[in-house]
Structures are given as C-alpha cells and as structure tokens.
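Undergrad: Here are the chains, one letter per residue:
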Amino acid sequence: MSRSNMARPIMAPWPLVMLAAPLLPFAAQDGTALFLPQLPIALVLFALTVAAILARRLPGSALGEALLLLAGVAAAYAAPLVLLRQGHALSQAGGLWLYVAGATLLLWRVLALLAGVNGPVRLAGPALFGLALVMLWEILTRGFQVPTILLPPPSLVLTAFAANAADLWDDFRQTVLISVLRGYLIGCGAGFLMAILADRVPFLARGLLPLGNLASAVPVVGIAPIMVMWFGFDWQSKAAVIVVMTFFPMLINTLAGLQSAERIQLDLMRSYGAGYWRTLAMLRLPCALPFLFNGLKINSTLALIGAIVAEFFGTPVVGMGFRISTQVARMNLDVVWATIAVAALTGSLLYGALALAERHVTAWHPSFRKR
Amino acid sequence: MPAAQPAPLTLVPPAADAAPRTIVDVRNLTLTYQTADHPVYALSDVSLSISKGDFISLIGPSGCGKTTLMRVVADLEQPTSGEVTVNGMTPEQARLKRAYGYVFQAPALYPWRTVERNVMLPLEIMGLPRAERQQRAREQLDLVGLSGFERKFPWQLSGGMQQRVSIARALAFNPDLLLMDEPFGALDEITRDHLNLQLTRLWLGTRKTCIFVTHSIAEAVFLSTRIVVMSPRPGRILDVIDCDRDLPRERTLDIRESPEFQRIAHRVREGLMEGHSYDD
Ligand SMILES: Nc1ncnc2c1ncn2[C@@H]1O[C@H](COP(=O)(O)OP(=O)(O)OP(=O)(O)O)[C@@H](O)[C@H]1O
Ligand SMILES: [Mg+2]
Numbered sequence: 001m002s003r004s005n006m007a008r009p010i011m012a013p014w015p016l017v018m019l020a021a022p023l024l025p026f027a028a029q030d031g032t033a034l035f036l037p038q039l040p041i042a043l044v045l046f047a048l049t050v051a052a053i054l055a056r057r058l059p060g061s062a063l064g065e066a067l068l069l070l071a072g073v074a075a076a077y078a079a080p081l082v083l084l085r086q087g088h089a090l091s092q093a094g095g096l097w098l099y100v101a102g103a104t105l106l107l108w109r110v111l112a113l114l115a116g117v118n119g120p121v122r123l124a125g126p127a128l129f130g131l132a133l134v135m136l137w138e139i140l141t142r143g144f145q146v147p148t149i150l151l152p153p154p155s156l157v158l159t160a161f162a163a164n165a166a167d168l169w170d171d172f173r174q175t176v177l178i179s180v181l182r183g184y185l186i187g188c189g190a191g192f193l194m195a196i197l198a199d200r201v202p203f204l205a206r207g208l209l210p211l212g213n214l215a216s217a218v219p220v221v222g223i224a225p226i227m228v229m230w231f232g233f234d235w236q237s238k239a240a241v242i243v244v245m246t247f248f249p250m251l252i253n254t255l256a257g258l259q260s261a262e263r264i265q266l267d268l269m270r271s272y273g274a275g276y277w278r279t280l281a282m283l284r285l286p287c288a289l290p291f292l293f294n295g296l297k298i299n300s301t302l303a304l305i306g307a308i309v310a311e312f313f314g315t316p317v318v319g320m321g322f323r324i325s326t327q328v329a330r331m332n333l334d335v336v337w338a339t340i341a342v343a344a345l346t347g348s349l350l351y352g353a354l355a356l357a358e359r360h361v362t363a364w365h366p367s368f369r370k371r
Numbered sequence: 001m002p003a004a005q006p007a008p009l010t011l012v013p014p015a016a017d018a019a020p021r022t023i024v025d026v027r028n029l030t031l032t033y034q035t036a037d038h039p040v041y042a043l044s045d046v047s048l049s050i051s052k053g054d055f056i057s058l059i060g061p062s063g064c065g066k067t068t069l070m071r072v073v074a075d076l077e078q079p080t081s082g083e084v085t086v087n088g089m090t091p092e093q094a095r096l097k098r099a100y101g102y103v104f105q106a107p108a109l110y111p112w113r114t115v116e117r118n119v120m121l122p123l124e125i126m127g128l129p130r131a132e133r134q135q136r137a138r139e140q141l142d143l144v145g146l147s148g149f150e151r152k153f154p155w156q157l158s159g160g161m162q163q164r165v166s167i168a169r170a171l172a173f174n175p176d177l178l179l180m181d182e183p184f185g186a187l188d189e190i191t192r193d194h195l196n197l198q199l200t201r202l203w204l205g206t207r208k209t210c211i212f213v214t215h216s217i218a219e220a221v222f223l224s225t226r227i228v229v230m231s232p233r234p235g236r237i238l239d240v241i242d243c244d245r246d247l248p249r250e251r252t253l254d255i256r257e258s259p260e261f262q263r264i265a266h267r268v269r270e271g272l273m274e275g276h277s278y279d280d
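Protein chains in written order, with my numbering: chain A, 1 to 371; chain B, 1 to 280.
Source of the hints: derived by calculation from the structure; they are not laboratory data. For clarity, every value in this text was computed on a predicted model and none was experimentally measured. A few of these clues could be false.
[As the list claims (entries may be wrong)] Some chain B residues well away from chain A (every beta-carbon gap over 12 Å; in silico): (1) 179; (2) 234; (3) 270.
[Stated by the list, open to error] DMTMM-like mimics (lysine to aspartate or glutamate), calculated; alpha carbons at most 25 Å apart, straight line: (4) A:297 / A:138; (5) B:97 / B:150; (6) B:52 / B:37; (7) B:152 / B:176; (8) B:152 / A:199; (9) B:97 / B:176; (10) B:97 / A:262; (11) B:152 / A:358; (12) B:152 / B:182; (13) B:52 / B:189; (14) B:152 / B:142; (15) B:97 / B:37; (16) B:52 / B:188; (17) B:97 / A:267; (18) B:152 / A:267.
Heads up, the beta-carbon is just placed ideally off N, CA and C, and yes, glycines get one too.
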C-alpha cells in the first residue's frame with residue numbers, strides 16, 4: 001500500500017487555478033452578478049472539489065485517488081447544470097468557468113493515474129475522456145447559449161435520437177447494412193482479384209495503375225449523380241459509387257503486398273519446386289496481409305462517405321444521406337447531428353473491428369510483435 | 001530411408017569408391033550479372049565434378065562467386081555459358097524433383113510460421129501426412145539443439161538459432177544433395193564445433209553429397225573430402241585439395257591437432273594468399 005502511495009507522482013499545481021474562482025461572479029440573475037456565498041448548492045459543490053483535492057493523498061492507492069478526484073471533477077461539471085436549472089445566466093460567470101477549467105485540468109491527473117493502473121480499469125480512461133468531452137460540450141453550449149442551429153447540446157441530440165430511433169434504424173439498415181456492405185464487399189473483392197490477375201499479367205498492372213490515380217482523383221460528387229442515372233435510386237447506385245471508390249485502393253495495396261515477399265523467401269519456395277499457386281498461398285499472400293488490411297481499413301471509411309454522399313443525389317426516402325439532406329432543409333439540426341453520430345459510430349466500429357482482426361491475423365508483423 | 005538420424009559411429013565403406021557416380025557436373029561455367037551500370041563477372045570458366053558421397057567445401061574471399069556457383073547448381077541463377085548437370089539432369093529438372101536441400105546464407109524463415117511449422121514447410125509442400133511432418137520436424141530440431149523452441153516464432157530467436165532452424169528445415173525432407181551456404185557463419189566456436197561433428201556423422205551415416213561454403217579453413221579441412229579454393233572476382237578455381245588421402249573419413253575434433261591436418265590447412269591458406277597476391 002505505502003509503496004504504491006510512494007510511486008504516485010506529485011500533482012501539478014494547475015488545477016489550483018480554481019482557488020481564484022470565489023473572487024469572481026459565479027452566476028447572474030436579472031443582470032446582477034451573484035458570488036459563491038449567495039449560491040448555496042454551488043458553494044457545496046465547490047467545497048467538495050477543493051476537499052477532494054486536499055484529501056487526495058489519503059486513499060492508499062492510485063485507483064483510490066483517481067476515484068476521489070473524479071468525484072471532485074463530477075461536482076464541478078454538475079455546478080453549471082444545476083445553476084442553469086435554477087434559471088441563472090452563466091455567460092458572464094468568470095468564477096464558474098475558472099472552476100470548470102480547473103476541474104478539467106484535474107481530470108488530466110485522473111486519466112494519468114488510471115493509465116498507470118493495471119487491469120481492466122485502464123480501459124475506463126478513454127471512456128472517461130469521451131464522456132468528459134460530451135459533458136463540456138453540453139455545459140459550454142448551454143452556458144453560453146450557443147444557437148442550436150449552430151451546435152445543439154448533446155442532450156438535445158440524444159432526445160432527437162430517441163424520438164427518431166425508428167427512422168435512424170431504417171436509415172442505418174438502408175445505408176450501412178445494404179449499400180455499404182454490398183458495395184464494400186464487391187469493391188474490395190474485385191480489387192483483390194484484379195490485383196492477383198494484374199500480378200500475373202504485368203502489362204495489365206502497367207495499364208491499370210495510371211487509371212487508378214485517375215480514378216482516385218475523380219470526386220464522389222461527380223460520379224454519384226451519374227451512377228444514380230445508370231443504376232437507379234436504390235442501393236445499386238450507392239454500391240456502384242462505393243465500388244468505384246474502393247476498387248483502386250484495394251488493387252494498389254494488394255499489388256504492393258504481393259510484391260513485398262523477399263527474394264530469398266521466393267528462392268526457398270523455388271528450391272522446393274513449388275509452383276505459382278502454392279507460392280501465392282504459402283508465401284506471397286501471407287506477406288501481403290498487412291497491405292491487405294491497410295486497403296480494407298482505408299476503404300471502410302471511404303465506403304461510408306461514398307454511400308452517404310451518393311444518397312444526396314437520389315434515394316428511396318430512407319438512408320443516412322437522405323436524412324441529412326432533408327433535415328438540414330427543415331432546420332432540424334438535432335436530427336442531423338444524431339445521424340452524424342450514428343455514422344461516426346459506425347465508421348469507428350468498422351475500423352476498430354478491422355484493426356482488431358489485423359492485430360490478430362498479423363501478430364507476427366514487426367508493428368505488432370510482442371515477445 | 002528413414003529420416004536423417006545422427007548415425008552410430010560405424011564406418012560405412014564408401015561405396016562410391018568402386019564406381020564414382022557423378023552427382024554434380026559443372027563444365028566451363030561462366031556467369032556475368034548484367035547490372036544497370038556495368039556487367040559483374042561473377043564466375044569465369046569454372047569446371048568441377050562432384051561424385052556421390054563427396055563433401056566439397058568452397059572457400060574464397062568475399063564476393064568471389066561461391067554463392068553464385070551454388071545458386072547455379074540449384075537452378076536459382078542461369079549461367080551465361082557452360083554446362084551444368086545435377087544427377088544427370090538439367091538443374092531445373094533436378095529442382096523440380098526436389099533433388100537438393102538448400103541452406104541459404106541468411107535464415108529465410110517465414111515470420112508468420114512458428115519454428116516447427118517453418119521446418120515442416122518443405123514437408124507440407126511434398127504432401128506428407130501431418131503426424132509424420134511433426135515427427136520429422138521434432139527430430140531435426142532436436143539434432144540442431146533446438147528442442148523446446150518449437151512453438152516460438154523466428155523473431156523470438158537469436159540469429160544463430162534462426163540459422164540452425166534453417167539447417168533443420170533443409171535436413172527435414174532428407175535430400176541426397178545438400179547445398180549449404182555458410183550455415184555456421186553466425187555461430188559461436190563451441191556450437192560450431194558441435195554442429196560440425198553432427199554434420200560429419202550425418203554425412204557418414206547417410207552418404208549424402210554436400211557442397212559447403214565456409215570462410216573458416218579449419219572447418220573446411222575438418223569436414224571435407226575435397227576443398228575448392230576460389231580466386232577473387234571473377235571467381236575461378238585456383239586449387240582443389242584432396243583431404244581424403246591423408247585424413248580418415250571418420251574424424252573427431254582432435255584430428256585438428258594432427259600434422260596432416262595442419263599441412264592441408266597450410267596448403268589452403270597458400271592457395272587463398274596466392275589469389276590475393278595481386279592486391280599487394
Ligand atoms: N543478383 C546480382 N546482381 C548483380 N550482381 C550480383 C548479384 N548477386 C551477386 N552479384 C555479384 O556477384 C559477385 C559474387 O557474389 P556472391 O554472392 O556469389 O559472392 P560470395 O562468394 O558468396 O561472397 P560472400 O562470401 O561474401 O558471401 C559479387 O561481386 C556480387 O556483387
Ligand atoms: Mg555468399
């Protein structure tokens with residue numbers, strides 16, 4: 001116990017800026033500034049945070065200190081929300097914002113402490129960071145009364161999310177489960193097969209690679225309407241856009257991967273009299289795996305962008321792109337933000353799943369090696 | 001024939017003596033690498049005949065074409081002119097029949113395969129059943145002193161250990177012809193002595209034909225029936241020294257102290273220095 005106590009580094013002094021907060025106004029009511037002693041709940045919360053800082057050495061472990069300080073941070077983030085609920089105006093409340101700023105600096109220490117703790121608690125760090133960002137977004141947009149057209153607070157987005165859950169699910173199914181998934185599989189699959197073909201037939205590679213540069217320079221907004229004209233409103237046109245966007249990244253990455261086998265490794269296969277296909281399966285494809293995953297990861301984000309943008313140019317009345325374009329026109333920015341949140345979450349999950357699979361499959365690669 | 005085993009120390013009469021069968025025949029071999037700026041003359045008019053059961057060491061200064069010569073025999077490099085036959089076939093036919101095992105100058109292990117699965121690679125290609133693959137891999141790893149490392153990955157091993165894995169891999173499919181390019185170059189003296197002993201025993205027991213590249217004169221004399229001394233680039237054969245006449249086939253490490261051994265070593269050194277003499 002005492003050893004882990006010793007191991008904890010000294011806290012940087014920056015969170016102490018909040019000690020200056022009582023000198024400045026904490027809120028305003030009908031144009032008159034209110035100070036901390038006039039706001040009993042804020043006073044209690046502030047005292048809680050300061051007490052947490054003062055008592056931080058008492059818990060026996062880093063985890064204990066982190067939890068104590070986290071309570072202090074939570075109190076600070078609760079203060080503006082409570083004051084808003086009581087009908088106070090906060091845009092001039094310098095003391096309150098100093099308090100919140102100090103608490104945010106305190107959160108820094110909490111995260112640093114958690115990063116040093118072993119076990120599953122470590123994972124709480126990133127989650128806390130994300131949560132704090134959302135909290136600050138909420139506090140700042142409401143405290144400074146940012147117009148919801150510009151940036152709605154997350155609580156509003158969440159409400160919109162709940163109110164439109166059925167629509168959002170339909171959009172998700174149409175855009176992600178139908179268009180993106182099919183387009184992605186077709187595009188990546190075709191790019192991969194073409195790479196294997198181009199690797200066998202060198203003139204094909206020489207002809208295709210310049211074309212690849214050309215295709216990657218073509219803007220989505222240019223091809224999307226054309227594809228909608230060719231393939232109609234439904235998922236086929238979205239999938240076509242995605243195929244155009246993902247084909248060449250996959251082709252180029254696979255080709256580079258197939259060429260990454262070293263000469264001596266190829267000589268070994270040759271010395272065993274192994275033919276083309278056996279060499280491909282036992283040497284060149286394993287060598288290409290890191291490159292393949294690179295292509296797949298790049299394409300996962302490209303596919304999502306492609307589908308959403310393509311839906312701007314015509315779609316059955318469902319889909320994430322359709323939702324964004326119609327709700328922007330109606331000034332329902334909260335629904336737009338909810339859709340954006342779904343898209344961002346989907347993109348991160350796709351990418352994360354691929355990264356996880358990569359780590360599992362290519363654990364031998366120098367970038368992942370562990371003893 | 002069963003998998004290569006460390007042979008019991010019984011002297012096998014060299015059957016090849018009666019009617020020496022030529023395994024590798026190199027005639028007037030010349031090889032020029034066409035590089036971007038200027039041609040590199042790697043081998044010039046090399047002729048060499050290797051009989052079954054021979055242990056040939058190639059020795060010569062760095063860059064003289066030893067690896068190149070082996071690669072031609074292995075059909076990994078095409079000669080500019082000259083004739084090469086392996087087992088009476090062209091090198092390509094011999095390669096497709098898996099006539100030789102090649103230990104490359106670098107380990108050339110596949111990093112996504114464990115040590116054991118690296119050794120099993122040629123056996124997989126030859127289509128051996130799983131149980132036999134595993135058994136042979138274990139035997140060979142044991143022979144090179146690496147049992148217990150089957151499940152490790154190559155990058156978790158030291159350079160010398162990796163090279164031993166590649167030796168085990170070449171031995172695993174029991175080829176009659178072994179091409180070994182500085183297999184013990186990265187090893188310490190003691191391990192090297194140990195593996196030299198293992199190699200002579202293996203060679204005596206199985207009567208494989210070996211072509212062996214080394215920079216160590218002592219190693220060459222200890223292992224070989226004949227030593228081929230090569231000149232600096234373009235590689236030519238300066239001298240072929242017969243060790244079989246003066247040294248017994250069955251050798252132990254203390255033979256290195258004998259006067260015959262010293263005499264042969266001296267002659268190899270002379271040959272090497274002759275090749276270098278124009279430098280001065
Ligand atoms: N692929 C290649 N292209 C061009 N030149 C080459 C190539 N391979 C080898 N050479 C040249 O041929 C010559 C002989 O090379 P080789 O690898 O056979 O030498 P070596 O005797 O094995 O040397 P070392 O003892 O250092 O391994 C060298 O000068 C080298 O520069
Ligand atoms: Mg060499």
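Undergrad: All the hints need checking, so say for each whether the structure fits it.
TA: Verification of the hints:
Non-interface status of residue 179 (chain B) relative to chain A is broken: a Cβ of that chain comes within 12 Å, the nearest being about 9 Å off. Separation of residue 234 (chain B) from chain A is adequate, the least Cβ-Cβ distance of about 22 Å exceeding the 12 Å criterion. Every CB of chain A lies more than 12 Å from the CB of residue 270 (chain B), the least distance being 34 Å, so the non-interface label holds. At most 25 Å may separate the alpha-carbon atoms for a hinted pair to count; residue 297 (chain A) and residue 138 (chain A) exceed this at roughly 32 Å.
For the suggested pair residue 97 (chain B) and residue 150 (chain B), the alpha carbons sit about 28 Å apart, so the restraint of at most 25 Å is broken. Simply put, residue 52 (chain B) and residue 37 (chain B) have alpha-carbon atoms about 41 Å apart, too far for the 25 Å limit, and the pair is violated. Straight-line distance between C-alpha atoms of residue 152 (chain B) and residue 176 (chain B) comes to about 29 Å, which puts the hinted pair past the 25 Å bound. For the hint linking residue 152 (chain B) to residue 199 (chain A), the alpha-carbon distance of about 33 Å lies beyond 25 Å, and the restraint is violated.
Taking the CA atoms of residue 97 (chain B) and residue 176 (chain B), the gap is near 11 Å; set against the 25 Å cutoff, the hint holds. Note on residue 97 (chain B) and residue 262 (chain A): the hinted pairing holds, with a Cα-Cα distance of about 24 Å set against a maximum of 25 Å. Between residue 152 (chain B) and residue 358 (chain A), the direct Cα distance comes to roughly 20 Å. Compliance with the 25 Å bound is thereby established for this hinted pair. This hinted pair checks out: residue 152 (chain B) and residue 182 (chain B) have alpha carbons roughly 24 Å apart, not beyond 25 Å.
Between residue 52 (chain B) and residue 189 (chain B), the direct Cα distance comes to roughly 29 Å. Violation of the 25 Å bound is thereby established for this hinted pair. With a CA separation close to 14 Å, the supplied pair residue 152 (chain B) and residue 142 (chain B) stays within the 25 Å bound. Taking the CA atoms of residue 97 (chain B) and residue 37 (chain B), the gap is about 37 Å. The hint is violated against a cut of 25 Å. The straight-line distance between the Cα atoms of residue 52 (chain B) and residue 188 (chain B) is roughly 31 Å, outside the 25 Å bound, and the hint therefore fails.
The suggested pairing of residue 97 (chain B) with residue 267 (chain A) holds, with an alpha-carbon distance near 16 Å, which does not exceed 25 Å. Our distance criterion of 25 Å between C-alpha atoms is met by residue 152 (chain B) and residue 267 (chain A), whose separation comes to about 24 Å.
Going through the hint list in order, the structure does not satisfy hints 1, 4, 5, 6, 7, 8, 13, 15 and 16.
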